[in-house]
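Asker: Spelled out, the chains give:
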Amino acid sequence: MTESTEVFDADIHAKAAEIIGRYPVARSALLPMLHLVQSVQGYVSQEGISFCAEQLDLTDAEVSAVVTFYTMYKRKPCGEHLVSVCTNTLCAAMGGDAIYKKLAGHLGENGTPLGHEQTSGTPGEQGSITLEHAECLAACDLAPVLQVNYEYYDNQTEQSAVELVDALRKGERPQPTRGAPLTDLKSAEQQLAGFFPDEEQFTADVDGPSAAEETLRGATLAQDRGWVAPAMRDEEANHG
Amino acid sequence: MADPITPVLTKRWLSPNSWRLSTYEQLEGYTAIKNALRKPQEQIVALIKDAGLRGRGGAGFPAGVKWSFMPQTSDPARPHYLVINADEGEPGTCKDIPLMMADPHSLIEGCIIASYAMRANHCFIYVRGEVLHCIRRLHAAVREAYDAGYLGNDILGSGFDLDITVHAGAGAYICGEETALLDSLEGRRGQPRLKPPFPAAAGLYAKPTTVNNVETIATVPYIVNGGSDWFREMGTEKSPGPKIYSVSGHVENPGQYEAPLGTTLRELLELAGGMKDGVPLKFWTPGGSSTPLLTADHMDVPLDFEGAAEAGSMLGTTAIMVFNETVSVPWAVMKWTRFYEHESCGKCTPCREGTFWLAQVLERMVEGRGTEEDIDTMLDVCDNILGRSFCALGDGAVSPIESGIKYFRDEFLALCEDNKAKQSDSALVGASA
Ligand SMILES: Cc1cc2nc3c(=O)[nH]c(=O)nc-3n(C[C@H](O)[C@H](O)[C@H](O)COP(=O)(O)O)c2cc1C
Ligand code: SF4
Ligand code: FES
Numbered sequence: 020m021t022e023s024t025e026v027f028d029a030d031i032h033a034k035a036a037e038i039i040g041r042y043p044v045a046r047s048a049l050l051p052m053l054h055l056v057q058s059v060q061g062y063v064s065q066e067g068i069s070f071c072a073e074q075l076d077l078t079d080a081e082v083s084a085v086v087t088f089y090t091m092y093k094r095k096p097c098g099e100h101l102v103s104v105c106t107n108t109l110c111a112a113m114g115g116d117a118i119y120k121k122l123a124g125h126l127g128e129n130g131t132p133l134g135h136e137q138t139s140g141t142p143g144e145q146g147s148i149t150l151e152h153a154e155c156l157a158a159c160d161l162a163p164v165l166q167v168n169y170e171y172y173d174n175q176t177e178q179s180a181v182e183l184v185d186a187l188r189k190g191e192r193p194q195p196t197r198g199a200p201l202t203d204l205k206s207a208e209q210q211l212a213g214f215f216p217d218e219e220q221f222t223a224d225v226d227g228p229s230a231a232e233e234t235l236r237g238a239t240l241a242q243d244r245g246w247v248a249p250a251m252r253d254e255e256a257n258h259g
Numbered sequence: 014m015a016d017p018i019t020p021v022l023t024k025r026w027l028s029p030n031s032w033r034l035s036t037y038e039q040l041e042g043y044t045a046i047k048n049a050l051r052k053p054q055e056q057i058v059a060l061i062k063d064a065g066l067r068g069r070g071g072a073g074f075p076a077g078v079k080w081s082f083m084p085q086t087s088d089p090a091r092p093h094y095l096v097i098n099a100d101e102g103e104p105g106t107c108k109d110i111p112l113m114m115a116d117p118h119s120l121i122e123g124c125i126i127a128s129y130a131m132r133a134n135h136c137f138i139y140v141r142g143e144v145l146h147c148i149r150r151l152h153a154a155v156r157e158a159y160d161a162g163y164l165g166n167d168i169l170g171s172g173f174d175l176d177i178t179v180h181a182g183a184g185a186y187i188c189g190e191e192t193a194l195l196d197s198l199e200g201r202r203g204q205p206r207l208k209p210p211f212p213a214a215a216g217l218y219a220k221p222t223t224v225n226n227v228e229t230i231a232t233v234p235y236i237v238n239g240g241s242d243w244f245r246e247m248g249t250e251k252s253p254g255p256k257i258y259s260v261s262g263h264v265e266n267p268g269q270y271e272a273p274l275g276t277t278l279r280e281l282l283e284l285a286g287g288m289k290d291g292v293p294l295k296f297w298t299p300g301g302s303s304t305p306l307l308t309a310d311h312m313d314v315p316l317d318f319e320g321a322a323e324a325g326s327m328l329g330t331t332a333i334m335v336f337n338e339t340v341s342v343p344w345a346v347m348k349w350t351r352f353y354e355h356e357s358c359g360k361c362t363p364c365r366e367g368t369f370w371l372a373q374v375l376e377r378m379v380e381g382r383g384t385e386e387d388i389d390t391m392l393d394v395c396d397n398i399l400g401r402s403f404c405a406l407g408d409g410a411v412s413p414i415e416s417g418i419k420y421f422r423d424e425f426l427a428l429c430e431d432n433k434a435k436q437s438d439s440a441l442v443g444a445s446a
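Protein chains in written order, with the working numbering: chain A, 20 to 259; chain B, 14 to 446.
Isolated chain A (complex conformation) (with noise of 0.2 angstroms):
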């Protein structure tokens, strides 16, 4: 096995002393810092496990019970993306199974579909992907949805999936419908662990698109109509 040093180096270490600052009580960085650790590898690996069970003191038993119970925790090497359809009932009947059983014969190879958690490409290389099937997104209205690297591509169609991976692969990064300016999966990880680009790439990613016109629906529909909520008294403001 290799030493958690070699692959885990001082500004990952800084990065986990960080996390576990947030947290009176050091274990709750558990969670955050195997984000990190996907940052840096793609998945969580042996070598991983042993990086957070040394930070928090912990065995690695511990840790790797930790990490089997949660999905977004990858226990094989994953491509740069990571592209999950929902197929959960709602999207499912929208599409969602369709789209999903599309991507994986369009991304599979002679004929075989690619599995649940399968990489198209060599993992880590430009224009892989690996691909999932997710339960639901919190994202119905925009069903059915799919995600790349965790940021939205809602109401998706067969088609567009299809575009949008192949898009991918090539080395293209389609902007999300809401969501920052597509990246990867291993710094979408980073993010996920509390860490995030410079002040200027943050407030631009920050700004990204979010509001969806299903979203806004019932507040537009309200300002066309003038309905508001009942006004507050002033007395109330001031004094309550």
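In case anyone wonders, no lab produced these hints; they're calculated from the structure.
Yeah, the Cβ is synthetic: ideal placement off N, Cα and C, and Gly gets one too.
Treat each hint with caution, since some may be false.
[To be verified] Far from chain A by the CB rule (all over 12 angstroms, computed), these chain B residues:
hint, residue
1, P84
2, K251
3, D408
4, D431
[Stated by the list, open to error] No farther apart than 20 angstroms at their CA atoms in a straight line, the calculated lysine to aspartate or glutamate pairs in the EDC-like style are these:
hint, chain 1, residue 1, chain 2, residue 2
5, A, K205, A, E144
6, B, K419, B, D310
7, A, K34, B, E199
8, A, K120, A, E136
9, A, K189, A, E144
10, A, K120, B, E380
11, A, K120, B, E376
12, A, K95, A, E66
13, A, K189, A, E128
14, B, K47, B, D160
15, B, K289, A, E232
16, B, K360, A, D30
17, B, K62, B, D242
18, B, K419, B, E323
19, B, K360, B, D396
Given chain A, put chain B with the ligands in place with the hints provided.
Answerer: Coordinates of chain B with the ligands only, in the frame set by chain A:
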């Protein structure tokens, strides 16, 4: 009567860069904390009780009552915590994530007031991991709030200190259950805890803790500014206030509609432009897949906590999933059951084994290999899960099955009939060969 749509939580969503502090401040943001931090804690708890604000995370427990369970003293050895449940994973539910993306500061302001009222100096926002843009917005908003002095030490000179930590989960529906969430936040597998002790007695790190849903807490600043009477001008006697209804599926205009509690499906469908392409409604959920299905006969049920319960369902998260005639009920039920099987944490036998077997039976049935006895077997298994599981995930898992069979038994039977017909056909073929 309030208007059909009452934008309170959603009132800033149309403003450009609604997620930025500058927008929030221009639109009355952070005025409620100025009001609240001057008052005794008990008065705020009483206000939330008077307003009748009920939890928006599914169970509808009165928020003010929950807050009053917290010890009313400060003991440095026993710090208090507020934990925001932003794990939004109940199928169909899609309100908290857009709320936090569009107006994260309203949640933060609610966190400040709630933490102050419960004497907590550290608040955690546990947000599901798969929503990167939302997590990014939360981090940015928390930074802005620190820089402006709304978070940190001695907030606005009030002497009150508060830190907020944004914590990303890692993909497990069960972590939305409040005690599983606490275990997960402690860096463990997300498995529910035995209650009692309740979190107010022994929650995060065994310290007094309150877990509240995003929408619950984001509502608090408006109540502080508007007062309880204002809040009660919307909704019903026992379920006051506005609520974000998330309408999805086979409707013309799916989306988020913030309306007074007690709004009916008929009214919501009208707002959402009716059924998609005019194809008739077949079944729907009032509040996610864990709330029993309803049918076209329930269009006029007032969607508040009481109304949904009287109709034999639950209000849940007001996730209105609408399915038209083209969707097979056994198929939909099978899909949801697979979800519960996948998400069962495995801690207790009825749920772990039960969801596994139910999924097997349903898959067989949908593939046309089911029998009439399978229907009874499923109801039997459901009986053994309902009320006998360690947490409410098990109860939720039986909801689609029991309600699906209750209203659409014929559809399950038809699948079995087909199967029987095929079997006797092949028996005939066999006999003549
Ligand atoms: C399986 C399961 C999943 C849940 N998921 C969520 C969730 O994602 N968000 C949420 O706020 N509550 C969820 N709940 C409800 C919480 O346990 C808890 O009641 C709620 O967070 C309390 O907040 P409230 O009183 O403000 O509603 C879930 C419950 C169960 C049993
Ligand atoms: S009911 Fe299911 S999810 Fe809840 S504790 Fe039991 S096995 Fe876990
Ligand atoms: S069912 Fe796909 S996002 Fe909810």
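Asker: Starting from the hint list further up, note which numbers the structure goes against and sort them upward.
Answerer: The structure conflicts with hint 16 only, although it agrees with all the remaining ones.
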